[in-house]
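Peer 1: Sequence:
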Amino acid sequence: MTPATLRERTLELAKDLDTGDWAPTDLERSIANRLLTAAHPVGCITEHAVRDAVWEGSEPLARVNDGRLSLLLAEITYSLTGNGRDAAGLASAQALLASVNRRGQGGA
1 MTPATLRERT LELAKDLDTG DWAPTDLERS IANRLLTAAH PVGCITEHAV RDAVWEGSEP
61 LARVNDGRLS LLLAEITYSL TGNGRDAAGL ASAQALLASV NRRGQGGA
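Residue numbers for the sequence shown follow my numbering, so the first one is 1 and each next one is one higher.
Just so you know, the hints here were simulated from the structure itself, not pulled from any lab data. Idealized CB from N, CA, C, for every residue including glycine. Be a bit skeptical, because a hint or two may be false.
Restraint ranges, calculated between C-beta atoms of paired labels, are given here [what the hints assert, rightly or not]:
(1) T81 / G20: 27 to 35 Å
(2) R63 / N83: 16 to 24 Å
(3) A88 / H40: 15 to 23 Å
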């Protein structure tokens, strides 16, 4: 994994979300909501929040939609813990999670 990998995965998922090639499940929307809620007080996603979200989704998260959200969370964790922290990639990932969350609330 490299810092650019997070940005690439985020752009790929955002495109798939917009075109309908990725329809997040209830579990994926719930995980996105959980991460956004945890990020609100500090303004950004934290490593602890991602680990909690992965724990919450556990094995089903890795299976639904070919594990797309699970892979994004792995990229986020890598970026948060690695030496090559990618602030732009993390912001893009957080924006994608917000889009996923809005889909769960009936928004487009």
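Peer 1: It remains to establish, for every hint, whether it holds in the given structure.
Peer 2: Right, here's what the structure says about each hint:
1. Under the hint 27 to 35 Å, the C-beta atoms of T81 and G20, about 33 Å apart, fit the expected range.
2. Taken as a hint, the range 16 to 24 Å is violated for the pair R63 and N83, whose Cβ atoms sit roughly 31 Å apart.
3. For the pair A88 and H40, the beta carbons lie near 20 Å from each other, so the given range of 15 to 23 Å is met.
Of the hints listed earlier, the one the structure fails to meet is number 2.
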